[in-house]
Amino acid sequence: MAVVSMIAQRIGYAVALLIAVLILNFVMINLAPGDVVDTIAADSGGADAELMAEIRAEYGLDQPVIVQLGRYIAKVAQFDLGYSYFYNRPVVDLILERLPATLLLVFSAQFFALIVGVLLGVFAAKRPNGLVSHVVTLFALFGYAAPVFWTGILLLIAFSLKIPLFPVAGMRDVTVEGGFLPQALSVLHHLVLPMFTLGTIFIALYSRLCRASMLEVLGSDYVRTARAKGLSPREVTMKHALKNALPPVITLAGLQFSAVISGAVLVETVFSWPGLGQLALTSILARDAPTILGILFFSALVVIVGNLLTDLALRFIDPRVKAGG
Amino acid sequence: MKVQCKALALAAMAVALLATGVEAQEPVRGGTLITTLPQTPRHLNPAVQSGIVTGAPGAQLFAAPLRYDEDWTPQPYLAKSWEWSDDGLTMTLKLVEDATFHDGTPITSEDVAFSVDTIKENHPFKTMFGVVETVETPDPHTAILKLSQPHPALLLAMSSQLMPIIPKHIYGDGQDPKSHPRNSDDVVGSGPFKFVEFTPDQQVILERNDDFFIEGRPYLDRIVYRIIKDAPARAIGMENGELHLTTFENTVRNIKRMGENENLTATSDGYAAIGPIDWLAFNVGKDGPLADKRVRQAIAYALDKDFILNALMLGLAEDAKTGIHPGSPLHFDGVNGYDLDLDKANALLDEAGYPPNADGVRFSLTIDHGNPTTKPQAEFTKASLAKVGIDVTVNSFVDFPTWAQKISNHNFDMTWDTVFNWGDPVIGVHRTYDSRNIKDGVIWSNTQQYANERIDELMDQAGQEIDPAKRAALYKEFQEILADELPVYWSNTLPYHTVYSDKVGNPPLGIWASSSPYDLVYLKEE
Numbered sequence: 001m002a003v004v005s006m007i008a009q010r011i012g013y014a015v016a017l018l019i020a021v022l023i024l025n026f027v028m029i030n031l032a033p034g035d036v037v038d039t040i041a042a043d044s045g046g047a048d049a050e051l052m053a054e055i056r057a058e059y060g061l062d063q064p065v066i067v068q069l070g071r072y073i074a075k076v077a078q079f080d081l082g083y084s085y086f087y088n089r090p091v092v093d094l095i096l097e098r099l100p101a102t103l104l105l106v107f108s109a110q111f112f113a114l115i116v117g118v119l120l121g122v123f124a125a126k127r128p129n130g131l132v133s134h135v136v137t138l139f140a141l142f143g144y145a146a147p148v149f150w151t152g153i154l155l156l157i158a159f160s161l162k163i164p165l166f167p168v169a170g171m172r173d174v175t176v177e178g179g180f181l182p183q184a185l186s187v188l189h190h191l192v193l194p195m196f197t198l199g200t201i202f203i204a205l206y207s208r209l210c211r212a213s214m215l216e217v218l219g220s221d222y223v224r225t226a227r228a229k230g231l232s233p234r235e236v237t238m239k240h241a242l243k244n245a246l247p248p249v250i251t252l253a254g255l256q257f258s259a260v261i262s263g264a265v266l267v268e269t270v271f272s273w274p275g276l277g278q279l280a281l282t283s284i285l286a287r288d289a290p291t292i293l294g295i296l297f298f299s300a301l302v303v304i305v306g307n308l309l310t311d312l313a314l315r316f317i318d319p320r321v322k323a324g325g
Numbered sequence: 326m327k328v329q330c331k332a333l334a335l336a337a338m339a340v341a342l343l344a345t346g347v348e349a350q351e352p353v354r355g356g357t358l359i360t361t362l363p364q365t366p367r368h369l370n371p372a373v374q375s376g377i378v379t380g381a382p383g384a385q386l387f388a389a390p391l392r393y394d395e396d397w398t399p400q401p402y403l404a405k406s407w408e409w410s411d412d413g414l415t416m417t418l419k420l421v422e423d424a425t426f427h428d429g430t431p432i433t434s435e436d437v438a439f440s441v442d443t444i445k446e447n448h449p450f451k452t453m454f455g456v457v458e459t460v461e462t463p464d465p466h467t468a469i470l471k472l473s474q475p476h477p478a479l480l481l482a483m484s485s486q487l488m489p490i491i492p493k494h495i496y497g498d499g500q501d502p503k504s505h506p507r508n509s510d511d512v513v514g515s516g517p518f519k520f521v522e523f524t525p526d527q528q529v530i531l532e533r534n535d536d537f538f539i540e541g542r543p544y545l546d547r548i549v550y551r552i553i554k555d556a557p558a559r560a561i562g563m564e565n566g567e568l569h570l571t572t573f574e575n576t577v578r579n580i581k582r583m584g585e586n587e588n589l590t591a592t593s594d595g596y597a598a599i600g601p602i603d604w605l606a607f608n609v610g611k612d613g614p615l616a617d618k619r620v621r622q623a624i625a626y627a628l629d630k631d632f633i634l635n636a637l638m639l640g641l642a643e644d645a646k647t648g649i650h651p652g653s654p655l656h657f658d659g660v661n662g663y664d665l666d667l668d669k670a671n672a673l674l675d676e677a678g679y680p681p682n683a684d685g686v687r688f689s690l691t692i693d694h695g696n697p698t699t700k701p702q703a704e705f706t707k708a709s710l711a712k713v714g715i716d717v718t719v720n721s722f723v724d725f726p727t728w729a730q731k732i733s734n735h736n737f738d739m740t741w742d743t744v745f746n747w748g749d750p751v752i753g754v755h756r757t758y759d760s761r762n763i764k765d766g767v768i769w770s771n772t773q774q775y776a777n778e779r780i781d782e783l784m785d786q787a788g789q790e791i792d793p794a795k796r797a798a799l800y801k802e803f804q805e806i807l808a809d810e811l812p813v814y815w816s817n818t819l820p821y822h823t824v825y826s827d828k829v830g831n832p833p834l835g836i837w838a839s840s841s842p843y844d845l846v847y848l849k850e851e
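Listed in order, the protein sequences are those of chains A and B.
Counting from 1, position 155 in the first sequence corresponds to residue 155 in the working numbering; the numbering is continuous, with no gaps.
Counting from 1, position 336 in the second sequence corresponds to residue 661 in the working numbering; the numbering is continuous, with no gaps.
Rather than coming from a laboratory, the hints here were simulated on the basis of the structure.
Treat the hints with care, since some could be wrong.
[What the hints assert, rightly or not] With a cut-off of at most 20 Å between alpha-carbon atoms, the simulated SDA-like pairs for lysine to any residue come out as follows:
1. A:K162 to B:N588
2. B:K445 to B:T430
3. B:K554 to B:D536
4. B:K764 to A:P33
5. B:K554 to A:A53
6. B:K451 to B:D675
7. A:K75 to A:P33
8. B:K618 to B:T691
9. A:K162 to A:A184
10. B:K764 to A:A53
11. A:K162 to B:L845
12. B:K764 to A:I55
13. B:K764 to A:D48
14. B:K712 to B:K764
15. B:K405 to B:L845
16. B:K451 to A:A49
[Unchecked claim] Beyond 10 Å from chain B on every Cβ pair, some chain A residues (computed):
17. M52
18. M171
19. R227
20. L309
A virtual CB, placed ideally from N, CA and C, is assigned to each residue, including glycine.
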């Protein structure tokens with residue numbers, strides 16, 4: 001019951017947030033100099049004044065901003081995200097086409113970073129001043145500090161050029177014939193490097209946090225009790241300590257969802273991963289307002305859902321959260 | 326005479342080959358060519374969308390009346406003959422008789438007339454077909470273009486990049502051709518390759534047109550254009566063999582890297598018609614020092630062209646010298662090249678009435694650079710001009726629309742920019758200097774606000790001069806006047822390169838680079 005009311009409350013917040021996101025972004029896009037007609041001219045290598053005026057009139061860009069905003073909100077209220085000026089296609093189609101690629105990348109990178117980060121954190125916490133701990137810290141900080149596009153290109157040079165294990169770009173090999181399985185394997189093959197690249201930033205965060213959290217828990221009374229009971233060190237760490245050390249890590253992971261999406265923009269560009277990030281970048285540079293707004297709308301949605309899932313996961317791991325609501 | 330020399334040379338080469346027993350490899354059928362596009366095209370119909378990323382697949386999907394190889398002589402393609410009337414007001418095209426669109430419908434003069442109308446109506450380059458009054462179609466294989474004035478630029482405009490022949494029975498259904506759904510889906514073309522798939526941000530896939538009107542061609546079974554925006558990623562893909570061919574590469578470090586690979590060849594051949602030039606443009610219409618031509622000349626003398634060409638461009642770009650690309654037969658090389666001369670620069674600035682103040686500064690200017698790749702030139706300009714007492718602030722590039730708004734509304738002092746010739750000077754050169762083309766809000770119009778009656782007159786005459794020698798003479802004077810008045814400092818050709826692996830036979834090295842038909846391209850047998 002408590003869960004249901006929590007979800008209802010969250011949906012209420014979400015709607016208000018989404019409307020705010022739309023209005024704010026609409027205004028921001030209109031404050032930026034230039035419009036999509038300029039970029040259409042740029043892509044054409046030149047333009048003609050009459051043609052530009054004609055396109056502006058066709059898209060309603062010659063109207064005052066407030067009129068454009070009103071029209072847009074009215075459309076979104078009818079669940080219509082509009083039509084992309086630049087791609088000449090409905091925005092919803094564009095987004096739904098790209099969403100799976102981004103979700104695959106973001107979720108796999110998050111999952112990968114969580115598993116690796118937590119494991120490294122646990123290892124490091126067992127001997128806080130040992131060699132392993134220092135190596136983990138070093139690796140983690142390096143991953144966090146290095147810009148993702150740089151990490152990405154280095155990985156490409158290493159594992160695509162010097163040791164050609166992985167393809168350099170794209171999401172699937174168009175020359176692969178056959179049904180679902182070979183296609184899926186091709187996608188996984190293409191996923192490895194971008195997933196790893198995007199994951200490196202978060203491994204650092206999770207391993208550091210997990211290490212700190214574990215150290216705290218390992219020093220607590222109940223762990224000493226567990227040890228006194230004669231449980232093996234492995235059981236103490238994995239069953240007793242880890243479970244209580246995890247909530248901060250999971251909270252952080254949830255909060256990082258928006259960061260994962262923004263990180264995906266760079267990773268997608270380096271690896272030509274055909275996701276929302278690339279679409280966002282192209283649309284912003286092209287001033288394709290309906291597409292940008294649509295993407296931000298969806299990203300907001302993903303972050304909201306991500307946070308909701310985080311809360312639910314916390315309830316699952318830590319029953320005390322329920323009481324606090 | 327030149328043609329004869331060439332024939333002799335070819336004969337000599339043939340004899341030499343026979344004598345040594347080396348056989349030139351015959352093109353072979355089959356294979357999938359994997360190549361690249363640096364951006365996602367908006368769609369695949371070059372009739373209503375200019376630009377190189379639409380032009381490349383567009384040239385495979387759609388045939389044009391004429392084609393060009395590495396010299397500038399037109400060759401038959403969809404038109405087996407083309408003829409000017411004596412007064413230069415009529416162009417008669419005779420079409421190949423058995424050509425069909427990909428859906429089997431015959432290609433007729435009606436389609437040519439429809440294509441010309443569509444392009445004239447919707448293409449941003451109004452100067453291409455603006456003077457075409459009507460297209461007469463006396464029979465299915467004859468199209469007669471009636472012009473209001475002689476228009477030699479028509480010949481280059483009739484190539485694949487600019488004049489694709491599109492099917493009237495598809496695009497003539499009353500929908501706006503600019504946003505027609507068949508521009509990006511289920512495209513029915515007239516060219517050597519048929520549409521298979523277009524997935525934005527991923528790839529364009531084309532397959533062999535078995536009914537292509539040139540017997541035995543094309544050689545390739547498929548072409549896959551992978552859309553890879555990241556230049557280092559494209560370079561790595563070429564080096565590890567995932568890609569066969571990449572065009573329009575312009576980052577010099579990546580070109581150098583690829584060129585050093587023993588399986589790859591990097592060449593700047595093939596970009597003469599597109600004709601990209603990096604230049605420093607001056608806002609001559611704004612009150613201030615830049616309105617004085619001596620100041621502009623001083624700036625030119627203060628810039629070390631050798632440094633730009635060899636240190637910034639790593640020797641991969643050519644000296645542009647004028648606004649007409651050095652690869653064009655109309656380029657005139659004999660103009661003042663403004664070799665580095667700081668004394669002269671200082672003298673000119675003194676003469677113009679801008680003595681240095683106590684800090685050695687004469688005046689201040691800003692530079693906006695219009696393309697991230699021209700940033701090194703912008704920084705170099707700042708450093709160079711400091712030596713002659715001009716204080717320069719470089720405004721960083723944010724993104725294209727931001728820059729374009731500023732420049733096209735004349736709110737700038739100087740800008741580094743890259744501008745394309747697009748074949749004939751009438752299409753891509755005149756727009757920069759024509760005083761009647763100073764238009765607010767239109768990028769790549771005469772944003773310099775340069776006005777010279779003699780230049781306008783020369784362009785009008787050259788634009789209508791059918792005789793090539795007389796035309797070249799008019800453009801010679803045009804280039805000489807401009808090189809003296811210097812509304813623009815033409816620095817270097819953009820270092821566009823085509824890189825291909827040794828598996829690729831007949832790479833596209835004609836004047837239109839990847840915007841030419843790939844019917845001759847083949848993959849060598851292993």
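Status of each hint after checking the structure:
With a CA separation close to 15 Å, the supplied pair K162 of chain A and N588 of chain B stays within the 20 Å bound. A distance of roughly 24 Å separates the Cα atoms of K445 of chain B and T430 of chain B; the hinted pair therefore is violated under the 20 Å criterion. A hinted pair counts as satisfied when its Cα atoms are at most 20 Å apart, and K554 of chain B with D536 of chain B does not qualify at roughly 34 Å. Under the criterion of a C-alpha separation no larger than 20 Å, the hint pairing K764 of chain B with P33 of chain A is consistent with the structure, at around 18 Å.
Restraint check for K554 of chain B and A53 of chain A: the C-alpha separation of about 30 Å exceeds 20 Å, so the hint is violated. Of the supplied pair hints, the one linking K451 of chain B and D675 of chain B is violated, its CA atoms being roughly 43 Å apart against a limit of 20 Å. In summary, the hint linking K75 of chain A to P33 of chain A is not supported, as the alpha carbons are separated by about 25 Å, beyond the 20 Å threshold. Restraint check for K618 of chain B and T691 of chain B: satisfied, since their Cα atoms lie roughly 17 Å apart, inside the 20 Å limit.
Only pairs whose Cα atoms come within 20 Å are accepted, and K162 of chain A paired with A184 of chain A is rejected, the gap being roughly 25 Å. About 12 Å separates the Cα atoms of K764 of chain B and A53 of chain A, which keeps this hinted pair within 20 Å; it holds. For the hint pairing K162 of chain A with L845 of chain B, the CA-to-CA distance comes to about 33 Å; that exceeds 20 Å, so the pair is violated. A C-alpha spacing of about 17 Å is found between K764 of chain B and I55 of chain A, which places the hinted pair at or below 20 Å, so the restraint holds.
For the proposed pair K764 of chain B and D48 of chain A, the alpha carbon gap of about 9 Å is at most 20 Å, so the pair holds. For the hint pairing K712 of chain B with K764 of chain B, the CA-to-CA distance comes to about 35 Å; that exceeds 20 Å, so the pair is violated. A threshold of 20 Å between alpha carbons decides the hint, and for K405 of chain B with L845 of chain B the separation of about 18 Å falls inside it, so the pair holds. About 10 Å separates the Cα atoms of K451 of chain B and A49 of chain A, which keeps this hinted pair within 20 Å; it holds.
For M52 of chain A, the condition that its CB be more than 10 Å from all CB atoms of chain B is violated, with the nearest at approximately 7 Å. For M171 of chain A, the condition that its CB be more than 10 Å from all CB atoms of chain B is violated, with the nearest at approximately 7 Å. No beta-carbon of chain B is positioned within 10 Å of the beta-carbon of R227 of chain A; the least distance is around 52 Å. For L309 of chain A, the requirement that its beta carbon stay farther than 10 Å from each beta carbon of chain B is met, with the minimum near 28 Å.
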